[in-house]
Amino acid sequence: MDKQQEYVLRSVEERDIRFIRLWFTDVLGILKSVAIAPAELENAFSEGIGFDGSAVEGLTRVYEADMLAKPDPSTFQILPWRGAEHGVARMFCDISTPDGEPALSDPRQVLKRNLDRASDLGFTFYTHPEIEFYLLEKPQPGELPKPVDKAGYFDNVPRGTAHNFRREAITMLESMGISVEFSHHEAGPGQNEIDLRYADALTMADNIMTFRTVIKEVALEQGVFASFMPKPLADGPGSGMHTHMSLFEGDRNAFYEAGADHQLSPVARQFMAGLLQYAPEISAITNQYVNSYKRLWGGAEAPSFVCWGSNNRSALVRIPIHKPGKGQSTRVEYRAMDSAANPYLAFSVLLSAGLKGIEEGLELPDGAEDDVWNLSPAERKAMGYQALPSSLSQAIEVMERSELVAETLGERVFDFVLRNKRAEWQAYRAQVTPYELEQYLPVL
Amino acid sequence: MSSREVSLATRLRRAGVSDTERALSLIQQIEHVAGVGLEDPALAVSYLADPETGLLQLLRLAEAARDSGHLEDLVALRDRRAGARLGVLLGASVALGDFLVRHPEYIADFDAWPEDDALGTVDQRRVLLEAVGADPDADVPVASMAGSDGVAAMRVAYRRQLMRVAAVDLFEDVPATVFPAVAAVLADLAGAALEAGLAIARADEPDHALTRLAIIGMGKCGARELNYVSDVDVIFAAEPAEGAEDDVSLKIATRLAAAASRACDRPGPEPALWQVDANLRPEGKDGALVRGIGSHQAYYERWAQTWEFQALLKARPIAGDPEVGQHYLDAMSPLVWNAVERDGFVESAQAMRRRVEEHVPAHEQERQIKLGPGGLRDVEFTIQLLQLVHGRHDPSLRSRTTLDALAALRRGGYVGRPDAAKMDRSYRQLRVWEHRLQLRKLQRTHLMPVDDADKRVLARASGFATVEYMEEVWHDIRRDVRAMHLEMFYRPLLPVMASLSADEARLDDAAARDRLAAVGFDDPQAALRHITALTEGVSRRAAIQRQLLPAMIGWFAQGADPDSGLLAFRKLSEQLKDAQWYLKLLRDSGSAAERLARLLSTSVYVTDALLASAEDVTWLGDTAALSPRAPERLAREADAILTRSDDADQCITALRGLRRRELARTAAADVLGIIDSVQAAASVSTAADVLIAGALRIASAVVAREEGMDDLPIEFIVVAMGRYGGSEMSYTSDADVQFVFDGDHPDAASLAVKVAKRIQRLLKQVNPQPALEIDADLRPEGRNGPLARSLASSTEYYERWSDPWEAQALLRARPCAGSPELLERFTAMIDAVRYPAELPASALKQMRTLKARMESERLPRGVDPRRHLKLGPGGLSDVEWTVQLLQLQHAHRVEALRTTRTREALHAAVSAELISAEDAAELDEAWVLATDLRGALALRGRERTPDVLPGDTRELKVLAEIMNVRDTGAELLDRHGRATRHARAVTERVFFGWESGT
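Protein chains in written order, with the UniProt record's numbering: chain A, 1 to 444; chain B, 1 to 998.
Keep in mind the hints are simulated off the structure, nothing from the lab. Check each hint, because a few of them may be wrong.
16 Å max Cα-Cα, derived EDC-like pairs, lysine to aspartate or glutamate [unchecked claim]:
(1) K455(B) - E471(B)
(2) K150(A) - E249(A)
(3) K3(A) - D207(B)
(4) K957(B) - E101(A)
(5) K251(B) - D251(A)
(6) K285(B) - D235(A)
(7) K216(A) - E137(A)
(8) K285(B) - D99(A)
(9) K870(B) - E925(B)
(10) K422(B) - D330(B)
(11) K70(A) - E301(B)
(12) K285(B) - E249(A)
(13) K251(B) - D207(B)
(14) K3(A) - D734(B)
(15) K251(B) - E205(B)
(16) K957(B) - D99(A)
Here are the in silico distance ranges between beta carbons for each label pair [as the list claims (entries may be wrong)]:
(17) W307(B) - L220(A): 47 to 53 Å
(18) G327(A) - Q275(B): 28 to 34 Å
(19) E249(A) - P269(B): 30 to 36 Å
(20) G50(A) - E536(B): 39 to 45 Å
(21) R22(B) - E249(A): 32 to 38 Å
(22) K285(B) - E14(A): 20 to 26 Å
(23) V965(B) - E403(A): 18 to 24 Å
Glycine included, each C-beta is placed from N, C-alpha and C at the ideal position.
Next up, chain B with everything else stripped away, as it sits in the complex (with noise of 0.2 Å):
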């Protein structure tokens, strides 16, 4: 081996080659069949994207050059800009090199270009026609060659052309600044041969004339930032020539636009170029290939939704009748910009961009430029909603080309200057490595590589001198442009004053107005002053919130009512204006601000929570902080309060404090959706047990001292009843309770109503923090029994006295606060009552009557039945009063049945085979919804009772959101109906024992 060769091998290396001794060979062969030297081969390859496949590629490119004797044309590019030109291209695209190894003969193009060649110089439409042998300059061309024959020469020449520009886009040292260029010629590109196609079309339909048709493009190919491969989107129209039948018009243009179309993407000798696809024409797939413009024009008034006005923005004529296809697009673009104006098109739009991007796999969502987080479609989608929602104010807008049109934002001051720079350059970035990837092979693809060769070759083919460093733009890129959304739409909302720099975007009032409006704020004028008030001034809390406000005023938009959030947040923030830790948190914690704008902007209850005790907020970082709390450890707080003071009034304030503070955690949670209905109506409950058990404690105490004692003489307990027993409990519910004591003493009966009046009033009087009603009705004889009663007379009433109604109402009762051995001599009491051995016919149909009588009686008046959530056909009441015939007939025996909890005993009774799954699935369904229902009411918190379903649509719509699911009002109250229609026809089936629905 000689000296020279072993340099030439470290320099190979040097030059990137991995194989050198593979491309040391190839060299030699590359001269041998060439039949002379290469100049400095390695720094050749130090050009190329992917040096060995450059290198064999050249060495296939000279033999088929030497066997087609075009072996002198490649010869002459040796040590030239036009060899250096041919290399590169070899080195990046294996499939342009095909082409060439197929047809040397255009080797000779390399020279024949201009040494400084340029990128839109060729008049590529006139170029296609001419290969298939058509006159550019006729009015309609139509091909000479038809047949096969001219697509496959359509297709080479298109092919031909290709090369030019990629040639040209690969030499370029700074990819990023061609860009725009390389998108628009590829577009005209993709025109030119649509065009080529529909004159070869023409050739084989001899009543061509009869039509005019024209091809508008659509997508990137509209917009004329078309990819090297993608599918080429199309709309078709036509209008008949003059004089021709409109029927006989459409059936020819049908007939030549397929043919044009398959000109383009029907397999063949020579490869096809792209998929043409039609498929956003109006009824999509199903529709009509070729429609009149009147018929376009129709649908588009008629059916269309707001994506396909938003994919009308890019329409442009790009082959056929001209004049067709103007009036097309004159048609058309003041539709785009009325629709703009529909309700909720902004919405509609966010939606739409959401279930595309949930379409993505999760597999590929890491590595995908185009649809993936932060890739190209959040950019365009960026764009485009700005776009709309200023555009029918400002045509200077209405561009169509992404860049173009982030410009036009940018002069008209919609976007900062930093902004738009920013998404500029990522929108680049991101389109050049896309055509570096597709360019490789002619392959549709959008995903970056996983293999360390294919990702070195990407990275050396767009500019990068490492893999890693590319990959470190990558994520930056993909993080910015996340960002970037929220900032760009809601940061120029800011006032002039709170700009952070000069270079900022200010909208003007009206423009602002716009925005505001668009996303859903009610009262855009108020909104931009509370905007103001929050960011004007120099204070620090200024500029935190200046930070914050772009993005939470997006989380508002999201929320039910905008215009109430945003409001609360500023009430909020004037209250805390003191607190550091407030502001801190919402700037450092990654969900808190999110979770505030939420809250504040659905539920009523939680703000009103929130505004009562600011300090709340800090649960919002942490999600462990919005779970329930266990009841032992409430319980043990309660314990730490009592013990720490003998001061009643001190002791029930902070019991009451504690309960208010758990419902509030509670509610957000609720409306966070971190915990579901039935486990906040089981929290709820807890917080009552632990605020009477205390309240009992106090009022024990406060009871003996003033009657001199030292220990009250006599066991009290509390007993939990109704929904309160069944830890059901809604945010707003009173306490049922009833009260049992049992004592030798003589002045036991009065000691204990005492004790019981006092719980009330500890947990009644006015204070500061919330009171919790109690309500002790459903006591033996109801109001005109002793408010507290003995073991042993409660024992007697209910042996001797009691109706069948009172066993079901103890079938609920949960004995919740006082002397634990009290409690289970209670239990054992009532359990002999409420799980006889027997229910009786008499009680049975008792029941049943007093079911049918209630449904009458106590609906409140003038309201819709179907829409009460309790007392309506299928609601609560149904659904517990079968639950609870169930557990009278069968608890005796089916010890799991002895529960206080609905869904506990409805399982119970499905594991006995006492109802079938089926029809306990219906009631669930029915009760759990309802449950959510009745919740979400609590914490929308319009209603004073959460018992009636609003008849408003919109509200109903909030409801869904509170309670975390996607319908809409209507659907919602389309569910509730036919819940409470199944759980109805189960009640009476079961409940009532009625055969038929009647």
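Isolated chain A, as found in the complex (with noise of 0.2 Å):
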């Protein structure tokens, strides 16, 4: 037993945690929950707790299997919307085979193996989400959703629901250790952004887990829904989450050279080029859903084609302006993802296209400096603009014959996407939808 174990037993005792929640998270990214009793946490440290590891197949599993799931007592929080009293505490888990190795198909064990490689090369990789999401009334079946209030881009709304409910989320995320830096109200009616404090890759990942369960928390208690749905408005804009991302030698931004270009080092400039490269192939991770591409090919901001341009608003690949003596934070935008990607995913496949690019010494492309909304596709073709996949069932093509996100999940964890993303796209090539109704069904 560990020092860090023991701490969390001791908590569990002195705080009165009557339920531990042993979280994982499915390769679609929906987190997952085993509750223990007390009694049985030790054991789950030294052998972990064993169940049916096929639930991190997502919606298309088949066989059983099993595996151990192994806290990881340094995610050890306790829930603070289940009240001080009998508390509920969560701690992330490791899933792993029963002999000890690390699940193949547990999302944070792929993430723990591309950030171990990145590591092998020397370096440390951190990000940092901006993360929107709507804010809707409470569903009713049947009727198009509807937000909460009619704000705009940074508005301040006097008493809104939104403000008082950031403040209360903000505090609960503080409250179990996630920094926020940065909040306010964006473009969408009834959407929000929080902004993350950046962190290495594999706690951020978490915080991302926990982030989206703690807004759907206290949208409840406020009595409103919160959803991460990329495009829940058809005439709104839709969610993203811009991830910044850099590599740090030690302590020092690899990102970073004084006086060149950007003040960008050559190890950015192939990061990017490999981000520029790989992006179609890995669409069907960062932005993983049917609905996803409405988003992605709804205009207003939305990055549809592979470029990058410093403070350009369409731009795939996005360099923030710099500060001066702020080299430690020089870093890299992917405006792609939207906030209903599986972080561990996708921050895998992110980092292993950068990495790419560095390892085979990609040239960065010349930056985009117009709208690129705004030009003719021939003009677009001309300078070399490729497009991002249009829909699912392109982005699946693509992505099944790439040897990168092959890869960097493993042959399981891709096989596993593949089915589901596949079975998705069955599912939603089956339905008629109102458009149809209204547009055919008149006049056929």
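Join the two chains into one complex using the hints; note that each chain is given alone, in its own frame.
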């Protein structure tokens, strides 16, 4: 029993915790949970809790698989919305096979493995996401979603639900050790954005999982409903998760080079080149739902074309303006990802695409200065701006042939994701939508 | 020349001087410079490791002393013990001689030291701190000499002390006795140097009081068994002083730590001491140089790897704030002993050791005192491993120092007294050589010299009369150390009754169980019972097994399933208890025992085969005997069996026995990595060929006799089909065949069917030797057709009726027994069918449809298709159908494609540019991997059909071991996933003709 585990055991006793939730994530990024009593905790640390590991395979699971969930004591947190008395706590788990090898199907292990790979190259990977989501009135069956307010970008709504909501949510996040950098009202009615303070990618992925749960819980407490759906309103902006990334070599930001163009080091340029090169193949991971492509191709500021720019809001990869003397904060922002992505897998493929760029020494193409949306298709073609996949089906097709994604996720997870996504596309294609009925029924 | 000089030259030569003329001249010059004569120079130089260098250094020293006004000090040493010390030092260490020449003022030191100077009498810390003007009694000593002056002063003081240690060490008659004290003082001296370095650093750091920095010695320095010259491994830990901010404290501590290191290892006018190496810290060279204790702890709890805990075993505060150092130690030591309980701790420690060994360049292997086989690292590793296994229950073993730990292990009864003594002696001797080598030029080296002159110096310095004798001892030590690892680890597991002598260590049950469990036995209790059964008693058998068993337990432990291995060994030994050759083989052969252990602990198939016929164990001593026998040789043997006897039962039993034997031989060679799975499959197919040919001969004779005929009036052949036809049979496959005959006799057809049925019966009937199942379903019309068909009828059938898939099946038809003339005619007939001039589009479509249907229908229910080696996507069937399609399309034109073997056809297709080399490589990789896996599954012998990959990663790991690859179970699964995905993509493109992957 190590110190951290002892600390957890002690806290559980002192704080009179009645249940411990062991959290893990399936390949789709849905949070799963096994609750255990404090008495089982010691055993969970030493041996792990046995369960049917096929739960991580998403919706298309077929075969049962014995697996062990071993809680990571460093992620111990008391769940604040469960009250102070007889509380409930949670820990994230690593899933392993019965002989203690990391389970290849566990998204958290996928990210760990890729971070190890980065660490072999001397890099630590930091991320900082801007998470957008909608606050809606409680959904009624058959009705369109109704936002809680009609405000816009950075609007301050006096006594607004959103205002209270954000204050409450941030307090709760901070109490769970998740630092919030920034929060404001977003462009869409009822749309909010909360930026988490940067952290190493594994911690951040854990944080995002916690974040989604906290947001949903707080919304419920306030009688509203929060959703991370990429595009809930046909005529409102979608919810993205722009992600800022940087690589550190020890204490040094490897993306920074004083005096270079945009203060970007060769490593940063190659990393970006990798992101651009592989953006289409990783789409089915960063934008994993049928609905994701309605955001990506819904105009507004969504990045649909593969290009980069500094402070260009239509570019896929953006370099935030550099503040003098802030070399450590040099970073690149990937703008395609949406709030419904599985953060473990999405961070894995982003990192992997970037590292590939470094390993292969890819050249960064010229930056884009125009608003790419305003260019004609011929202009875009001439300038070499590739489009991202326009539908989930296309994204799957591109990913299927991607060695990079297969390598990054491992053959198992790669297979599971493909199965899930194919099934999702099949189910979607089988729908007859209100749009079709409205358009065709009367005239055909 | 006077008579005195003549005799002096002779005496010098006897004392080991090779160039006497030069030596005489040096002596003359020394006497001239010093102004006094040397007392008996020949006797004096006889004590020197390197007489010429010693004399030259003395001359340089005398000159330096003269020039600096210290000549009196030097002359005063003449003809005294102190003088002899100086001489020995000059003869053994050029570097320390140079130091004295640089600083002749320290010649007087030799006079100042007590006559019977001993080690460990000096407070090194005090001396070095005072040298830089710091107060040793202060809580936080700060140097009054800062910067490069301080550094130089510290280094000079260090070398003065080093000189004193070396002088005592070198003057000692039996250096191995003082070695532990020497190594301890060297470690203290290194600590003192860092302490003084830190005092110098503080002088330049006004805010040093805000932090409390401790320097933790690791490795040999931490263990107080340091070399004269080696990197000093350290870790820095700092806590903020009261009221100070954490990050401010860390910043200052980092500067202090870097400056203290620089004081020791930066080049300067007074040369650097040694490299300070802080790479053992958390996250290695990428990690922060200094961390707080909490941060250290968090790292070890979360991230640290096995070897990092092993390294912590040696941690000891050596400089800086003693309280913080102690806190660090208190926080870390429990972690070490917790880590030991991790699964696979011992295994990963052993793997690490192997990796280190593999990194030693081959040309250095034989000369490496430290890392080579039988070197220092072997001793340290053996002792550390035992410490780790037993230390968690027995705190008395938790010593940092190698020799102390060894002594504790001996006292605790974990290691036998004679083994411990041998190990102790070996370790000391190796270290003495290392020290003497390093002392010469104060260089970090662990290599035995190559040059004869250098060897001579080393022999003289370490008390050996001749180089030859030294080398003999060196070889003995290496051999002993190598052998002792297994002995020390496993010998004490033997029960007390089995001890070879009263001095043997014997573990109590709990300790024995610990040790067995640590190396991977699941049921240590049962293992102990087997060990007892094997070794108890006064029989010769028990006596030999007592000799063998310690090493064998080690080998079982390396196998996948140590428990079954040991049990099988017990069974085998009981079965062979009267066989003299068996134990003799295991004892005397260099490889048999190890091979046996590997086979028994990995393969159920081979274990069963060996238990069924224990005499096959003899092959294990002889690699040639394990190689597959040539087909002609087997055919001759079968012929001899059939010629010897007319009795059908006797003959078929002998032939079936022959096949069983060849299967066992092949399987053993396969597991041991002597042949690969493709060769193994060919060899298994050959054994079937020989058996079936023999069965045909017997069947023909029996049927003829029953019918009252001399000879059967028909010609008859057996045609191998399917994987058997391709010589790709696995150990457990059935033999796919069809029977063909020719003859005008009116009863020809019924006779032929009788022969065919008789063959099946001979191969299947109950018999002590294993059966071979015959499957004739691939014949024309399948089960509805006659069991044996005439050539004419076959010809007609194939010309008129057959489906494309039957032509495809014929691609694998390989006539394997019977009338040579009919074989030829049959082959000519089917060639026209299977190598058609053109493959019609309809046939192509039919093939593709059939394959697609097979994929959905033939897979057993409830099996994950991706795990199915034959029928899953990218499995054997994908590759084979793709290759067969190319054969059907092109073999008419490309003769090289006319083969029944998949890989041959694939290679021919590449040469004929029918498929790209890349695509072919993907197919080949997937096919070979699937073949390897099927072979491994059959050898493992756990599953009934070797077609489905197990889901359990532990079982997969065993397969990897049988395949002789280094993958973990998960890695193997991943590799299989990748290979099949690629092969599937090629199949979809080449066989199905689809453009994209959907």
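Inset, instruction - Mind listing which of the numbered hints don't hold for this structure, in increasing order? - result: The structure conflicts with hints 2, 3, 6, 8, 10, 14, 21 and 22, although it agrees with all the remaining ones.
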